[in-house]
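Those sequence lines, one after another, are chains H and S. Taking the working numbering, the leading residue of the first sequence gets 1, the next gets one more, and so forth. Taking the working numbering, the leading residue of the second sequence gets 480, the next gets one more, and so forth.
Hints are not guaranteed to be accurate.
Claimed, not checked - Cβ-Cβ distance ranges computed for the label pairs, FRET-style: (1) ARG637(S) <-> SER338(H): 31 to 39 Å; (2) HIS456(H) <-> ARG637(S): 32 to 40 Å; (3) ILE316(H) <-> PRO606(S): 34 to 42 Å; (4) GLY367(H) <-> ALA664(S): 41 to 49 Å.
FYI, nobody ran anything at the bench for these hints, they're computed from the structure. Note that CB positions come from ideal geometry on N, CA and C, so glycine has one too.
The lines below spell out each chain.
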Amino acid sequence: MGQDTGKRGIASVGGYLPLLRLDRSAASKGLQFSGLGGRNAGYRTTAGWDEDALTMAAEASRHATSTVAPTRICFASTSSPFIERGHASMLLEALALPANARTIDVSGNRRCAVSALLDALLGQGDTLIASGEKRPVRAGSAFHTAWGDGGSAAVVTDDGGAALIGYASLARDYVDLYSSREHPTPYAYEERFVKETATRDVIAPTIKAALADAGVTSADIAHAAICEPLPGMWRDISKATGITAPNHASDLSAAAGDLGAAHPLFALALALDAAQPGDIILLAGFGSGCDTLIFKVIGAVAGAAKARAALTQGLIFADYLRFLSLTGTIDLDWGIRSEFEQKTQATVLERYGRDMIGFIGGRDTRGNVQFPKSRIPVRPDADGPEPMEDMRLADVPAKLVSVTADRLNFTPDPPFWFGLVQFENGARVMMEFTDADADGFKVGDSVAMRLRIKSHDKRRGFRTYFWKAAPALRPIMEA
Amino acid sequence: MASGIKDRVAIIGMGCTVFGELWNKGPEDLIVEAFEEALADAGIARGHINAAWVGNALDDINIGNSALPLAHALRLKAIPVSRVENMCATGTEALRAATYAVAAGAVDFAVALGVEKLKDTGYGGLPLRTKGLANDLWMPYGSAPGTFAQLAGAYTARHGASSEDLKRAMAHVSWKSHQNGALNAKAHLRKAVDMETILNAPMIANPLGLFDCCGVSDGAACAIVTTPEIAKGLGIANPVTVKAIQLSASHGWEASYHEWDGSSIRNTQEAAKRAYAEAGISAHDLSMTEVHDCFSVTELVTMEDLGLSAEGSAIFDILDGRYDHDGAMPCQTDGGLKCFGHPVGASGLRMAYEVYSQLLGRAGDRQLANVDFGLTHNLGGQPANSVAAVSILGRLN
Chain H
1 MGQDTGKRGI ASVGGYLPLL RLDRSAASKG LQFSGLGGRN AGYRTTAGWD
51 EDALTMAAEA SRHATSTVAP TRICFASTSS PFIERGHASM LLEALALPAN
101 ARTIDVSGNR RCAVSALLDA LLGQGDTLIA SGEKRPVRAG SAFHTAWGDG
151 GSAAVVTDDG GAALIGYASL ARDYVDLYSS REHPTPYAYE ERFVKETATR
201 DVIAPTIKAA LADAGVTSAD IAHAAICEPL PGMWRDISKA TGITAPNHAS
251 DLSAAAGDLG AAHPLFALAL ALDAAQPGDI ILLAGFGSGC DTLIFKVIGA
301 VAGAAKARAA LTQGLIFADY LRFLSLTGTI DLDWGIRSEF EQKTQATVLE
351 RYGRDMIGFI GGRDTRGNVQ FPKSRIPVRP DADGPEPMED MRLADVPAKL
401 VSVTADRLNF TPDPPFWFGL VQFENGARVM MEFTDADADG FKVGDSVAMR
451 LRIKSHDKRR GFRTYFWKAA PALRPIMEA
Chain S
480 MASGIKDRVA IIGMGCTVFG ELWNKGPEDL IVEAFEEALA DAGIARGHIN
530 AAWVGNALDD INIGNSALPL AHALRLKAIP VSRVENMCAT GTEALRAATY
580 AVAAGAVDFA VALGVEKLKD TGYGGLPLRT KGLANDLWMP YGSAPGTFAQ
630 LAGAYTARHG ASSEDLKRAM AHVSWKSHQN GALNAKAHLR KAVDMETILN
680 APMIANPLGL FDCCGVSDGA ACAIVTTPEI AKGLGIANPV TVKAIQLSAS
730 HGWEASYHEW DGSSIRNTQE AAKRAYAEAG ISAHDLSMTE VHDCFSVTEL
780 VTMEDLGLSA EGSAIFDILD GRYDHDGAMP CQTDGGLKCF GHPVGASGLR
830 MAYEVYSQLL GRAGDRQLAN VDFGLTHNLG GQPANSVAAV SILGRLN
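Isolated chain H (complex conformation) (with noise of 0.2 Å):
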């Protein structure tokens, strides 16, 4: 392409990590009759039992399109919930994006957001790629600490503040871990086949043909986002293609893990974070083959500053056996309560499950808002049917008027938070609340509006998703 050539850009980026950071010296101490386990050091994000792929992404998404409302909208993840779902279609109603947008899921490698980006960046209209990761793994293997859950997103538009100046792909059937629908959690191959092979093969070719479309050297990359196939194997890269930037992507697998599809944009975020106008980033996606791209920072991108704080804005802890629950590693007896029936119908979903993903409300005549919205207003002096008009409420900000940790129902993770929520657009809503931190909950603390899975039908394998309260600012992480 060359530097003069590709103006589109990114104009925004998101990264969300969930609150919970394993402590991975907790996993070493847990597995250490065993010598089996991984990397000790740093912290592993952990997802809420009601997060997943569609949950992270869209959170990721929020940052990214506050600016932003775009037409296009691909979902990227190799541990995306449904099978016959789109989570595109999903994630744009979560968004309450016009429904004409064109969407489309991307998966089958955790290089698929890099490739999806690229093909937005070559091609035409406002496209948000959103991507989260969720990857089940056994314990005892190296990936359930070293891999992390996360989500991320980039905005391409025609003026983005990261301009495109070159890229190469390279496609090859690779194979350095197998997962499959026959067994999803990873089995791992000799990491040194993976070591030497990958670099040599796939990920150097790649950025060296790329560094030659952009028509620039190693030696002017300032800052890269290249996505190790394994911890570690970043010096052998660096050695392989020259480049000596410091390396965001390694950064995020120490500090969070490796968040698979959801890697590579988040890594592109810290890069714009800490670059500087007129910096070139290198960005670099694996699996299945590899995608280069080259940008050059001519303007702002927002979002950025945002992931970067998320790397610190957490909760540390040390509890295995929570951790192995959470993940889905061992599967706990809850009892009687927990057998509760959670079947969604299909016809409910389909009358009123725009609503719920979406979180809208609807505002009566006389201006007062109200969830769900109803055919006569709870306005106390409505008088009969009432037209109402959509009122999103996930970003409006709110307060507590009444909380309660329950111990007694049932919860993946107890306990069970809930209690009335005040919106300061006049709405309220009864609502489950999560990510509590140590303090708890307490009334009239503000709460932030978080995508999350309501119900878990486990029998049929299906979820739904509503909003639930969080608390408005999250803990700073201790160094």
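Add chain S to chain H, keeping to what the hints say.
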């Protein structure tokens, strides 16, 4: 203009089973026991019964739907039998239906029977149930203690009360009910418990500990009603009469409109206001109350909602012993939901049974000195979305 039902209906017979974890009794046993006691008390033949209402709140976990379980258990011969359900107000709802039928002149003798068989679920507490298919998409599945625990923080926030004072007052509520329940041979929990044990009990839903929660019980209670004139004809010169029965249901105001602060129950206030007006008395004319102490904090708030304590002062009235058995306004003389137990559909009629017994001087060790009017109060649902029922009973003359 409606004139109300004051003194238009007499209760001539009541029955109530032992409440508790009745592993060896099924719904039929409970229904028959409560009814036979009421029938014997009324002194009429079973063939005189013209109509019956059965109150049962959780039909899906045991008894089954419709009124047929009652008709079958009592072998009621082709008379109108109906089932009513209004959550924890179900028992009073059954009494209301039977009372209205008599007051309307539609029947001479009507039966109200509440029954619940909860202890066949395999676990403690009430079962988690659907809130409706659309509501399940967003409403939290909070437990009963979880929903009522919400009152506590909202109450202290509104009145500037300390959490410690509230906790002590809640503990006193439970302590008092255990004292009373120990005197009641039909109560589920008959053991007095000291304050320290209550205060240090395991947490169920902050700040409600184990002893802040009522028992989940099996049981049934029954009333037979007729007109005062017929009662006199049966030789009951001064029968117990219904002075008022009122109900108030949420329409979404609390949970969906921005005015309610979560610290009180408007439906209790509304139902009580109308009940006092219907009975022609004020709160201060009452001799006793049986209120819906599903959780200790509920009883505390209810004392204010019924007008028995000034707003913000229930904590201190409770700690001063105002609602103890020997206090100025005894509450839960039979142990209440807390200790008599809470077979949901039966509870309203169980409360009426205690007031009836006190009015007739039959309460044994629990008997109060002077009882002119007794109030019963049920609260179904949760504070943010409730049905409140308030009835007042007294003597005809």
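Hint-by-hint comparison with the structure:
1. ARG637(S) <-> SER338(H): 31 to 39 Å: Hint holds: Cβ distance 35 Å, inside 31 to 39 Å.
2. HIS456(H) <-> ARG637(S): 32 to 40 Å: 36 Å, holds
3. ILE316(H) <-> PRO606(S): 34 to 42 Å: 37 Å, holds
4. GLY367(H) <-> ALA664(S): 41 to 49 Å: Once the Cβ atoms are compared, 59 Å apart, the range 41 to 49 Å for ALA664(S) and GLY367(H) is violated.
When held up to the earlier numbered hints, the structure conflicts with hint 4 and nothing else.
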